[in-house]
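Colleague: Place chains E and P on chain C using the hints.
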Amino acid sequence: MRGLRQLPAILYMTAAFAFIFLPVAMLVIYSFQNGPLPVPPFKGVSLRWYDALLADRKLMAAMGNSVLVGVLSSLAATMLGFLAAYAMARRPPRRVALAQFFLMAPISVSYLIIALGLLFTFNLVGVGKSLLVVGIGHVVINLPLCFAICYSQLGEHQANVERAAQDLGANDLQALILVTVPMLWPALLASFFIAFTLSWDEFVIAFLLSKYDTTMPVVIWSMLRSGLSPKLNAAGTFVFGISILLVLLVELLLGRKRTS
Amino acid sequence: MALVTATSAAGGIRAPRPAGLKRLALYPALIFTAAFFVLPLAVMLCISFTLRDKGVTVDWFTFANYRAFVERGDGVLLQAMVNSLEVTAVVTVLSILIAYPIAYILAYRVPARWQRLLLVLMVLPFWTSYVIRSYSWLLVLSENGIINRLLTGLGVIAEPIGMGNNRGATILGFVHFFVMLLTLTIYSNLVQIKESYRRAAADLGASPWQVLLHVTLPLSLPGVAVGAFLTFVLCIGDYITPQILGGSKELLMPQAIMRQVGRTADFSMASALSMILMGVVIIAFLFSARRLRMDRL
Amino acid sequence: MTDPLVQLVGLTKSYGAMTAVAGIDLVIGKGEFVVLLGPSGSGKTTVLSMIGGFVEPTGGSVRIGGEDVTSLPPAKRPTATVFQDYALFPHMSVRANVGFGLYMRKVAKAERNRRADETLKLVGLDGFGDRGIHQLSGGQRQRVALARAIAVNPAVLLLDEPLGALDLALRRQMQEELVRIQKRLGTTFVHVTHDQEEAMSIADTIVVMNRGLVEDMGVPARIYRRPASLFAATFMGENNLLPGRVAAVSGDALTVETPLGRLLLAGKADLGGAVQVAVRPEQIYPAATAPENAASLGSARVCELVFQGTHWRARAKTGADGEIALLLRLPPEMQPAVGAEVALFARPEDIVVLSR
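In the order they appear, the protein sequences are chains C, E and P. For reference, each letter of the first sequence is one residue, going 0 to 259 in numbering that gives the first Met the number 0. For reference, each letter of the second sequence is one residue, going 0 to 296 in numbering that gives the first Met the number 0. For reference, each letter of the third sequence is one residue, going 0 to 355 in numbering that gives the first Met the number 0.
So that you can see chain C by itself, here it is in the shape it has in the complex:
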């Protein structure tokens, strides 16, 4: 009887799962397609498209660029976000709210507009398109998230622990490095990895702000013009796979914190 009452819920969740995972399943399954088209019928398992991926010099170089931009921009965003969150504690609430609003504002602006703003501005001062500019764009979009993640883990408790350290004779820097950072490292890592997943497969900013040296999503975009291909599936599966791994890692990091 209990099971029967749950039936509509179970059916709904099953349908929702099917809806959410249908495209992903198609992407992953047909990346192993032993044939030229990533659509049914499935002609058997093959890794040939992954071989093709690895053999694609341009794609591999772009992947290297993606990782480089991702790591550096995420490091910068995490550091800026953490410092800002750290500075928030024990400030007058009105000024905290103001700074928070200012730092979170980029989240409400389209990536496209952020990219165009940077493009026009750098154009005005004579700075050309480059991976560095892409990286700056990625810091702009990730800074609010990194700030929010760090801020959510820094509470009154943290401020008290810092105060205790200072009471025992630590100066600001010592309290920061010896107490705050070690206590917050799961949040810092989480913020870094989240920023990385968002940076490394970001398209619009990379597309508008890079020139010859470009990142993986831009190359995938140009491959898209020639239509569906299992090689695209393989590339997508690979990019998705890395993101998933990082997100699960974050879940583990923050989940552990939550239970302790």
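There could be a bad hint or two in this list.
As the list claims (entries may be wrong) - Covered stretches of chain C, as calculated for chain E (at least 3 residues, CB under 8 Å):
(1) 13–20
(2) 29–40
(3) 54–63
(4) 67–74
(5) 105–116
(6) 176–190
(7) 212–224
These aren't lab readings, by the way, just hints derived from the structure by calculation. Even glycine gets a Cβ: it sits at the ideal position worked out from N, Cα and C.
Modeller: Quick look at chains E and P alone, frame taken from chain C:
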């Protein structure tokens, strides 16, 4: 700003302000945001009032671009804005309707120790990019795709039909993404509602539907509003999904903006359109902020 | 006892291997103010939840007004609950909160508001109807929670540690109000608390619970003065327990051998059995104030002394090697000193023999 800080410090009535490092730590992020977010937007705002013709600036202050937004090509740009608003409205409403039951079932029907795992699984595809998500839907919807195979196999349709390249496909791609986003925001709101509220309502004679209607739903509105605002903002500003799934029959606002950059390199027009899009988002923000404040009372 | 209203028969709740309530039989009369008293984990809140229908028993049954309600949901039971955290709906006004139950019963709006205001008046919140919940103090919220539960006119009102969040002075005041309201309405109240003073000041009947079982049940004075079990004797107020052995039995009179001497006491126990003898600190007298029929307990040496206004609270050692510790309340006009020997007396009828 520095002056204000100095006077309030001299006044000395405030609580002791954090000294040294703690005060300075805020500035890198503030300066970065000012330099690479606020300044570019200001530059765009200025550029939007200039008029360019064949790559040369011919007028330094004019509303011509904003006028062109309404007038150009029988209002094709205005139509893009209307299209964007329509698509975004439909996507937001559909996503809420689909996501709410998912979040509700997760929060109240699934045993506590499975909730986290199920939630993480449920929103896993959230973490891939618009490009790959949209491409995946292209696979599903293509003429040889799984849905056409299924429908022809079942005899529902005789010939495969083109399901991509239209507004429906764009909406589908968007809804897929935003259902996950809204599931996250609504779920995290629902689990914060104390169980005793629902117990109390049931105790006072409310049926499960009445508990949902009078207690759970009103209390979860902040989560819905936050999710809806994010959905609105991200949806109306996305270029990739309509570009991959929407086909060439109609234009959404981000595509219209991208066109100014790509074909004619008309930065002024692109800036004006961007400002208009931002204006719409700001109006949406003020609207939802007021809504949120009303709920708090 | 008046007409039985709530009957619990063999009520049991276990969570896996853990037993929260281990088969309770309890009859609550109509119009009674019953307090379930026990430490945390004693199962008292689980019993309340099973009466209210929030927890499904794993065994036994709940009957209210002669009807078996064991499998009915909370909404269908003639009960209403005042929750520990009040659970006032934050998005509704005070009046809407109080009227919620009537709304669910499809009472028309005008009538609903009239009755809500009436109930608010009863709990001393006349004119608070239009306020928001967040504008109220803790004590006012408590009253609104009470009003909301009363408004549906339940046969049984269940209160789950409702005063726990209030400060001491407010708690005292609310205790008196609860009793006043209960007497006025004549509704049966079942109140859960771990505070034995609160239990004594409000209850018609106290049910002492421990480890999922009823240890004792009865009027407060009886439970305090003649507890039925060792647990009840120690949980309700302070007590001195002394080991003893039954040396002789004649009818209801026992001769018990204790470290303080041989005492002739009332009670039932097996000859030669080991028992505990309980005597309250305030029922041990020094020679100066000892009643006429008091028996001697020998003397004890005072080793700790604190003046508490109404009495001296003293710890003393006695027995052959001073191995028996006693807690005493000596009269305030006495001038005891640490290290002094005090002769002690107690009336046999104040001393309780406990065999479990």
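Colleague: Would you list, in rising numerical order, the hints stated earlier that this structure does not obey?
Modeller: Those not satisfied are hints 3, 4, 6.
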